[in-house]
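S.K.: Below are the chains, spelled out letter by letter.
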Amino acid sequence: MSEWTEVGRIEDIPRLSARVVRAEAVDVAVFRTARDEIFALRDRCPHKSGPLSQGIVHGSRVTCPLHNLVLELTDGRAAPPDEGCTETYPVKTEDGKIWVLLPGS
Amino acid sequence: MDDPQSRFVNERVHANIQKDGSFSVVPRVWGGVVKPVELRAIADAAEKYRVPMVKFTGGQRLDLLGVRKEDLPRVWGDLNKAGLISGYAYGKALRTVKTCVGMEWCRFGVQDSTSLGIKLEKLTWGSWMPHKFKMAVSGCPRNCAEATIKDFGVVAVESGWELRVGGNGGVKIRPTDLLCKVKTDQEVIEYCCAFIQLYREEAYYLERTSTWIERVGLAYVKRWTVEDSENRRELARRFLESQRFAQKDPWAECAGDPEKSREFVPIKQLNRAGYSHV
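Chains as they are written, first to last, in numbering that gives the first Met the number 0: chain A, 0 to 104; chain B, 0 to 277.
One chain only, chain A, in its complex shape (with noise of 0.2 Å):
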């Protein structure tokens, strides 16, 4: 079952940066874009399985730290001409606060 879990606040995050939720059954990589914009993938690179949470974050989009994948933070697609897909979790902020919508164990 997934449930709403509040993961920390906006100011956590470092703009252009990511920190991890580690959830009881996957690591979540919670990102803070320039515009501060947040969003939540699996903390896993479809490619090789790199720690996104580690990449370089640009736009909307996140460049994986090990083979540099480029993955869009909003469907956790990777950009064309790569292939494959890292799941995404919703994300609300309320008061400044981060919440999560996390998959269960």
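Hints are computed from structural coordinates only; laboratory data are not their basis.
What you are looking at is a predicted structure, and each value in this text was computed from that prediction instead of being measured.
By construction, the Cβ of each residue, glycine as well, lies at the ideal position given by its N, Cα and C atoms.
It is possible that some hints are incorrect.
[Claimed, not checked] Below, a list of computed lysine-lysine pairs in the DSS-like style, where the Cα atoms sit at most 25 Å apart: (1) B:Lys259 - B:Lys91; (2) A:Lys91 - B:Lys247; (3) B:Lys247 - B:Lys34; (4) B:Lys18 - A:Lys47; (5) A:Lys96 - B:Lys259; (6) B:Lys18 - B:Lys267; (7) B:Lys34 - B:Lys121; (8) B:Lys182 - B:Lys221; (9) B:Lys80 - B:Lys54; (10) B:Lys91 - B:Lys121; (11) B:Lys121 - B:Lys180; (12) A:Lys96 - B:Lys267.
[Stated by the list, open to error] Restraint ranges, calculated between C-beta atoms of paired labels, are given here: (13) A:Glu93 - B:Pro3: 24 to 30 Å; (14) A:Cys84 - B:Trp104: 57 to 63 Å; (15) A:Thr73 - B:Arg243: 43 to 49 Å; (16) A:Lys47 - B:Val100: 38 to 44 Å; (17) B:Glu258 - A:Ser59: 23 to 29 Å; (18) A:Asp81 - B:Gln17: 18 to 24 Å; (19) A:Glu5 - B:Val100: 58 to 64 Å; (20) A:Lys91 - B:Val264: 22 to 28 Å; (21) B:Lys247 - A:Thr73: 38 to 44 Å; (22) B:Arg6 - A:Pro79: 22 to 28 Å; (23) B:Gln4 - A:Glu5: 22 to 28 Å; (24) B:Glu258 - A:Lys47: 30 to 36 Å; (25) B:Arg236 - A:Pro79: 48 to 54 Å.
Please build the complex by placing chain B on the supplied structure of chain A, with the hints as guidance.
M.R.: The following block gives chain B in isolation, referenced to the frame of chain A:
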């Protein structure tokens, strides 16, 4: 002003990311010479943080492989206590200075290559470059430190030192070009600083010295670092001036600062095991 988010993860967290998302940690080992107390600190850290592999690097250092990101600041703190600092093995920066044992031990050695290597490393560590930068000092022309495939290589001869530049032992092997011959350690230091500074000021980002020299020509490098002695001294002066601000151990800065080490731990921990799923 340094923007950490513009840097690749390795330079942001002062360690090398590995294929499983863990990191490798390489302390600086000056000239490849290590004290028992330093070896003990490395061994203790390896056991304490359950480091899966400790391996010698090609540059005469020790690599702790498989360190978890959240352990990095504590590993650094422990290594710092034994006087070990970051080896910048992750950076577009001065990497290793490889040496042979030279005239202090070797029956063929004609100069003290170990001491000169340590001197060069103490002088140049912490300097950022367009790309990684490796050095070596060999105590005789047999060249056991393989100085002829380094960015700046020094090879001892009876009358002094041969200075060699632009070598590369990677994807495209390139032996060094001979820059010039000098007599004293002090001259080696001045030419080394000048060469680094010319490279830092003029090469493109991600351009190794080998490709830079092929682009601008050896004659150009010689003109500004050998023939024009005034320019050489000025380049060396600029390098040393910038070193006054660059030589700060990033491990010590981070290990002692809770604000800086916060980035290394999860923002939220929900599973009881406390392990990463990556």
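S.K.: Regarding glutamine 4 of chain B and glutamate 5 of chain A, is the given constraint of 22 to 28 Å on their beta-carbon distance met?
M.R.: 24 Å, holds
S.K.: Could you see if the CB distance from threonine 73 of chain A to arginine 243 of chain B stays within 43 to 49 Å?
M.R.: 46 Å, holds
S.K.: Return holds or violated for the Cβ distance of arginine 6 of chain B and proline 79 of chain A against the range 22 to 28 Å.
M.R.: 27 Å, holds
S.K.: Check the hint pairing lysine 91 of chain A with lysine 247 of chain B against an upper bound of 25 Å on the C-alpha distance.
M.R.: With Cα atoms ~40 Å apart, lysine 91 of chain A and lysine 247 of chain B exceed 25 Å; violated.
S.K.: Between glutamate 93 of chain A and proline 3 of chain B, does the beta-carbon spacing fit 24 to 30 Å?
M.R.: Holds, at about 28 Å.
S.K.: Taking the beta carbons of arginine 236 of chain B and proline 79 of chain A, is their distance inside 48 to 54 Å?
M.R.: 51 Å, holds
S.K.: Against the range 30 to 36 Å, how does the distance between the Cβ atoms of glutamate 258 of chain B and lysine 47 of chain A compare: consistent or not?
M.R.: 32 Å, holds
S.K.: Would you check the hint for lysine 18 of chain B and lysine 267 of chain B, treating anything up to 25 Å between C-alpha atoms as holding?
M.R.: 24 Å, holds
S.K.: Straight-line Cα separation of lysine 18 of chain B and lysine 47 of chain A no greater than 25 Å?
M.R.: 8 Å, holds
S.K.: So the hint says 38 to 44 Å: do the beta-carbon atoms of lysine 247 of chain B and threonine 73 of chain A match that?
M.R.: 39 Å, holds
S.K.: Would the hint linking lysine 80 of chain B and lysine 54 of chain B be met if the CA-CA limit is 25 Å?
M.R.: 21 Å, holds
S.K.: Does lysine 259 of chain B lie within 25 Å of lysine 96 of chain A when you go C-alpha to C-alpha?
M.R.: Holds. Lysine 96 of chain A to lysine 259 of chain B sits at ~21 Å (cutoff 25 Å).
Violated hints amount to a single one, hint 2; each of the other numbered hints is respected by the structure.
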